[in-house]
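Colleague: Going down the list, the protein sequences come from chains A, B, C and D. Under my numbering, read the first sequence as residues 1 to 474, first letter to last. Under my numbering, read the second sequence as residues 1001 to 1474, first letter to last. Under my numbering, read the third sequence as residues 2001 to 2474, first letter to last. Under my numbering, read the fourth sequence as residues 3001 to 3474, first letter to last.
Source of the hints: derived by calculation from the structure; they are not laboratory data. Fair warning: there could be bad hints in the mix.
[Said to hold, decoys possible] Within a straight-line C-alpha distance of at most 20 Å, the following computed DMTMM-like cross-link-like pairs (lysine to aspartate or glutamate) qualify:
{"hint": "1", "chain 1": "A", "residue 1": "121", "chain 2": "D", "residue 2": "3425"}
{"hint": "2", "chain 1": "D", "residue 1": "3191", "chain 2": "D", "residue 2": "3034"}
{"hint": "3", "chain 1": "B", "residue 1": "1448", "chain 2": "C", "residue 2": "2392"}
{"hint": "4", "chain 1": "D", "residue 1": "3355", "chain 2": "D", "residue 2": "3327"}
{"hint": "5", "chain 1": "C", "residue 1": "2415", "chain 2": "D", "residue 2": "3263"}
{"hint": "6", "chain 1": "D", "residue 1": "3117", "chain 2": "C", "residue 2": "2122"}
{"hint": "7", "chain 1": "A", "residue 1": "448", "chain 2": "D", "residue 2": "3220"}
{"hint": "8", "chain 1": "C", "residue 1": "2474", "chain 2": "A", "residue 2": "425"}
{"hint": "9", "chain 1": "D", "residue 1": "3474", "chain 2": "B", "residue 2": "1425"}
{"hint": "10", "chain 1": "D", "residue 1": "3353", "chain 2": "D", "residue 2": "3335"}
{"hint": "11", "chain 1": "D", "residue 1": "3117", "chain 2": "B", "residue 2": "1103"}
{"hint": "12", "chain 1": "B", "residue 1": "1243", "chain 2": "C", "residue 2": "2239"}
{"hint": "13", "chain 1": "A", "residue 1": "240", "chain 2": "D", "residue 2": "3239"}
{"hint": "14", "chain 1": "B", "residue 1": "1393", "chain 2": "B", "residue 2": "1261"}
A quick note: this is a predicted structure, and the numbers were derived from the prediction, not measured.
Chain by chain, the residues:
Protein chains: 4
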Amino acid sequence: MKLLPHPLYLAGEFCKTSLSTQIKNPYSGKPVAETFLGTWKEVNISVQKALEVRKALQETPSYKKSGILHQIASEIEKNRQHLAGIITSECAKPLKLSLAEVDRAVFTFQTAAEEAKRLPKEYIDLDWMPAGENKEGLVKYFPLGIIAGFTPFNFPLNLVAHKVAPAIAAGCPIIIKPSPKTPLSALELAKIIDKTPLSIGAFSVIPLRNEDAHLFTDDDRIQMLSFTGSPSVGWMLKEKAGKKKVVLELGGNAGVIVSDDCDLNLAVKKCVGGGFSYSGQTCIHTQRIYVHKNIFSNFTGMFLKGVKNLKAGDPTDPATDISVMIDEPAARRTETWVKEAVKAGAKILCGGKRKGNFFEPTVLTNTDNAMNVCSEEVFAPVVVLEPYDTFEKAVAMVNDSEFGLQAGVFTDNQKRINHAFSNLDVGGVIINNVPNFRMDHMPYGGIKNSGLGREGVKYAIVEMMEPRLLVMDK
Amino acid sequence: MKLLPHPLYLAGEFCKTSLSTQIKNPYSGKPVAETFLGTWKEVNISVQKALEVRKALQETPSYKKSGILHQIASEIEKNRQHLAGIITSECAKPLKLSLAEVDRAVFTFQTAAEEAKRLPKEYIDLDWMPAGENKEGLVKYFPLGIIAGFTPFNFPLNLVAHKVAPAIAAGCPIIIKPSPKTPLSALELAKIIDKTPLSIGAFSVIPLRNEDAHLFTDDDRIQMLSFTGSPSVGWMLKEKAGKKKVVLELGGNAGVIVSDDCDLNLAVKKCVGGGFSYSGQTCIHTQRIYVHKNIFSNFTGMFLKGVKNLKAGDPTDPATDISVMIDEPAARRTETWVKEAVKAGAKILCGGKRKGNFFEPTVLTNTDNAMNVCSEEVFAPVVVLEPYDTFEKAVAMVNDSEFGLQAGVFTDNQKRINHAFSNLDVGGVIINNVPNFRMDHMPYGGIKNSGLGREGVKYAIVEMMEPRLLVMDK
Amino acid sequence: MKLLPHPLYLAGEFCKTSLSTQIKNPYSGKPVAETFLGTWKEVNISVQKALEVRKALQETPSYKKSGILHQIASEIEKNRQHLAGIITSECAKPLKLSLAEVDRAVFTFQTAAEEAKRLPKEYIDLDWMPAGENKEGLVKYFPLGIIAGFTPFNFPLNLVAHKVAPAIAAGCPIIIKPSPKTPLSALELAKIIDKTPLSIGAFSVIPLRNEDAHLFTDDDRIQMLSFTGSPSVGWMLKEKAGKKKVVLELGGNAGVIVSDDCDLNLAVKKCVGGGFSYSGQTCIHTQRIYVHKNIFSNFTGMFLKGVKNLKAGDPTDPATDISVMIDEPAARRTETWVKEAVKAGAKILCGGKRKGNFFEPTVLTNTDNAMNVCSEEVFAPVVVLEPYDTFEKAVAMVNDSEFGLQAGVFTDNQKRINHAFSNLDVGGVIINNVPNFRMDHMPYGGIKNSGLGREGVKYAIVEMMEPRLLVMDK
Amino acid sequence: MKLLPHPLYLAGEFCKTSLSTQIKNPYSGKPVAETFLGTWKEVNISVQKALEVRKALQETPSYKKSGILHQIASEIEKNRQHLAGIITSECAKPLKLSLAEVDRAVFTFQTAAEEAKRLPKEYIDLDWMPAGENKEGLVKYFPLGIIAGFTPFNFPLNLVAHKVAPAIAAGCPIIIKPSPKTPLSALELAKIIDKTPLSIGAFSVIPLRNEDAHLFTDDDRIQMLSFTGSPSVGWMLKEKAGKKKVVLELGGNAGVIVSDDCDLNLAVKKCVGGGFSYSGQTCIHTQRIYVHKNIFSNFTGMFLKGVKNLKAGDPTDPATDISVMIDEPAARRTETWVKEAVKAGAKILCGGKRKGNFFEPTVLTNTDNAMNVCSEEVFAPVVVLEPYDTFEKAVAMVNDSEFGLQAGVFTDNQKRINHAFSNLDVGGVIINNVPNFRMDHMPYGGIKNSGLGREGVKYAIVEMMEPRLLVMDK
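Extracted from the complex, chain A is given alone in its bound form:
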């Protein structure tokens, strides 16, 4: 069977290159599409076209930008099933989660449509000293310039939306380098955007071999790198970025605290979802669960029961909760880490086995921070469960990490909430929910090794703009 070719999207043109490659369905192992990898030539054209359109984008009135973004949202909504099918086919995400991702992408574009009319602006007094008498100031934000957006395999539509939608709102041309494993959703989005009146050159999608990422970092015409992916790659890009601004949305080993005053049923239910949703392959995957010692045994029992009820299998089945991992190397790495942990004293409460690229939902205890399953980003359906003594110690356990993206805390006690908010070294503290919680308009991003800068539509827009002050007579 001839595969459907998915040409890359180069500033208004769908075009093929000599570097053809196949995208395989991770579940079936069968090829689902033919795509093409870009080279210097394509990068150069996309940047050149972006340069040409910069001024026009900056001057586009907000109702036009807003209209384009609404149109994109509306088209995604119309193609909900189709797009969810593509997501599932390229990254083996269970269909119900793929549908939820499409809904979130609609929301991301709608929100950007609204924020495009509300770009930050300041009007300030300057007469605080005699030297400023009769002067006042306006601060307007201008688009930073050309953005290269690097997106990961795990949310192949909505994490592209989180870069493209703010860029359109900000008036920045953007070139997306999707994960070479999952470029199809981004290319489908290109088809939708191509039909809008967005200026040619404002948007390109160029799948690249990862080793060709330097084509972006080396290019002085690009002003910003916006990267979502693994910490090691992200920090390396920052070092090579030269004068460019860099925003990094990386991962972590997110922790959750289950306090003894909490709603236990709620905590269990949310932790099962947080630990195993999309096989743990999300930046804010619930990796470490710290439970107060008095309820540890209860929690563990209920949690394991919840894990047992997860339905594994074909991701296209609407009932499936958990399916295969993105590829076999990923599953093998997980297997190694779990084995190492067990060797070092960890105890497997359930799961632990690999079959091809499927890895069982796995719960460990008796772990310590020297084990990779604790200290590194596991990015797999593996959860560590440990008891704690006092709330303060639980906070310290969550903080004992190089990462700091989000953390969850189950409690209704205001003093504990305050202690957690003041002391958890993370970008977001989620009360009565798991770290996985994300509304696409909320400020989102990590500290420590988990990243730099913030996304969340409005916040991403601000990162893509720079202020300019006008000092004028009054």
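Following the hints, put chains B, C and D in place on chain A, whose structure we already have.
Modeller: Below, chains B, C and D without anything else, positioned relative to chain A:
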């Protein structure tokens, strides 16, 4: 002994009128000063001078307004003991509270000095529809015009500060009508302000007989009435205000909820203070205390013990907690209300007796909302103590009132805090403190019959200004 | 022919009353619909139902409110032609203007859908003094309560939208009393809203005889009167409002300054539109045009030529610029004022004649401020044209009025723009456009006798809400 | 004569090191003080102490931080003459400018005292989708961590203030590496700060050899580098910064446009000041002046006359306008660049000669962008004067640069102002003043090669903090 005359302050001139009157010390009963009441003539001059200075005030750069406000704060600070002595002498406030009031007045002017440089300003996009293409807008706030400020006897310095400081920051001329019982603090403030470079006409202090308040309400040259005082007078002013803007800071019968999960020692300590500080003569006096039935008996015992420890006596004694009320009619009214309540079934847990204008710290229980001590503003050292069943019912009990200024809630439970915030019909919900809590920069004001509009420096400034939009090409 | 009955909309029910009345097309003079006037009974039911739904509205999540508002916008858009036809039939507005009004109503509801998710919220530090250590504050805005909205005949759809859309966003039940001359658009809107999931009781439309307005002002269950209409009625309502909050959007005699440095073609074109659009029957009608003496003669010639080109006639004709006034009494009053002006020395440059309820586009000069055509709101196709000497004098001429809604200034000179912004006593200064300029999301409202408070979706929402502070431990 | 030793300030201790060095007065050439250079040991101690105090600083209430900042401002004010003398002695700044710098430092600390109470905070709705129902969010800013501040020689007090004051307000420990040429002002500031209750470890001053800057860039315990200085050093630091945040305040070759509609006297006066103040050794030195061809000849004559009137000489003389440059290498480099320019066709209108480290105020014309005096940061009393044709071309000429800090535009024409604001690629556009204009509270910083991030107290504070979101039930 010849009394020191305190002339009124008329747009830069200290002057006497034919209506001389004596201010008596409520504790000693002895005259402490001679003051003068204004008439139509003085009101007219003050308004005329205010009119003349309006434009100059509007155009004063912020560093000058800020400098004047800092100077006033600094002078009040230097005269701390002197001013506290005057407060105590005219309203029988215990000296330690008078000193605290002076400190707050310093803070109020300092805060206004800072806010004078931060007047609200907006810079907005107008190109949300094609009709607004290439247009954008600036919103600047301009002073509303001449303000008549009515201030009560209970904070004769800081509640004057809460009108004068924002008016200077906003650039509005203001004429203060202090309580005829306690005009001395305002007139002392006038001496301080008179030495600053504030433009002549921007500030006047004219004590008036209460029946002459119509001189302000009838005057079309005045744009705003800012009244702090009793609900009946406040609402009457609103009806007579014509086209003027009206801000009312009135009182209430503030309630507090003591939840069974709270820190009981803290709750008792704060409630004793809240119930009897300055003999309950404050707008946010803790009048009604609702205690969970399981801890009611405990709380009551501890509370009564705390009340017993209050030191009554001479307000000039630094150790005194509670002294006489403002005058004998006030104490008699209190006596009547307590007697009526007892007749209708209330039980006195302590106090209840009057001696001249002294009224004992009084605690009642077995009350119901038909009694004045519950439903009206008691404005006296009288507290009602009742048990409650569920938190929701306690919230309903606090809400069962025509008033809604502030309420206190002692709890650390987040669900209860949220329920209280969402459902208490008041201007402010104070967690783990009594309704009396006020920081002078926080938004402050009541709903229902407790008032209209907000004070709290920044918020008062906004009330004294009006927005003007500039639509311009971009 | 039997007239289509348009029952009033009473909290989810379309119902008739005994007070039937006919709506006539002002152009054809023929009846177009039968409507029904409400009585105390209907007002009482609407208020009662509104009371019952208050709490539910307050607790509605923003995505639901936003969804309802988007649905209304979308339905209005779908019925664009139909609704424009109704507007034209009940108020004789030329069809192209009616279509523009429908578009604006769509925008008003869309904007409210967005603002419903962005209600004002503050998070503040309280530790500015030791007394506030470890405390911080949240300010959330809560719906004010039941609103009675009074709307005028001249924008029978969009000025209803300007009250209903913010009320839904704010979570306030609202009862609309449309102009008894033009209730049909509001009743059509009711049909649209009735199909949304908006809670029953949140919205009613009750046409009343104007003399029955007291049914709202007297009702203590209503918290706010939001009135758009004539100054005399508005200010009278304020006096009778008791404790209610009142927002008044009244009219004026808006002035425009044509500076000698401006783009004359632009100024002429905009002034012709501003002076005669919908026969001058708008609050921000360009009534007084002040032109620099050096260009006065040029401007006058070009302006009169522009006026001559206006096409008068049947409002249903898409080419019609100007049609009849709302009724003959209005046209007769206009005739009287023009005649009086002429008698007092004014010169008619064009127009001046009445035929039934049609009044010719009329331009006067040689006028003075003693004439009603200058000092009162003419609300008719009458414009006064006068030369001025210096820019400062032109500003003073615009300010020589009891009103202050908006003013236009044609100039590119920054010093003049600044002078105008600092000195024109109005709610909005429009550079290089006429006072008629309004984007529905901009802050809009008058000072002096032109009103109280602001509309403009976000600003209207704030007027319909009140702040509540939560002081909490941190 | 024995020199006064100025020990470095190491977390509460003034201490000497083995690396002693002399500071010479650039004007007299005589040593004025003995200072000491730090080594790894001192850097390590300062960072260690900073680490220990981080948590305490984070938890300091705002009134304490504000009090410390006010105390510093007040002490600087008391030592005005003394500090100005030190500035003049170490960097040869004319005394009147040194006094102005001290006044600005007072203002910088006062402003930080006010902003310390107004740290950014957000309170947001999360219920924009069903998944966020009943959730809301708080965003609080937390101190980023330890900051290394690099400050230049040209404002040895106020540019230190611009790092230290925001750091104290933000709650970040800061270690200042002053210019090794001018460490004395920073060390005087240390004496003042040492007397405040600021926690030990929150502030250190360690002069270092420039080649030892890597001691900061290599240290992973430091979270942020805040650098003010030359572009080449700044961008190099960014490359070596690893995971640290970097803020760069660099220089440029600022341009000014003198439009034919402007106030010529004002433009000349400001340009003379902007071109030669402190011998052009400021980041926003007016280097390039573009004058409309019609007024070029007039402007040139007036400008040269103004330059001639500048009084050169001893910087301690209160009348002196211009004195020596910081050192002879700087003057020699300037000489070389001017000679190269002349060789390539430039014409000297005045000045051009060097004597030791004094360089005459120099005006060139007939230049082009290949010359260093145009394209590089000249940082010397050298100005280039060129005519332009159309305003659009003048904007393009200013933009034809690798830098983009600030630009000045003399005009009153709104269309030109708008064109300049929309098109000048700089951080700040100054109307009717030179690029040198800076109020210390305004947002300040460059784009292109002129820097990254913003200073200006409030803006600097934000750069030193990171947001943390709390998602909570409501």
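Colleague: Which of the listed hints are not met by the structure?
Modeller: 3
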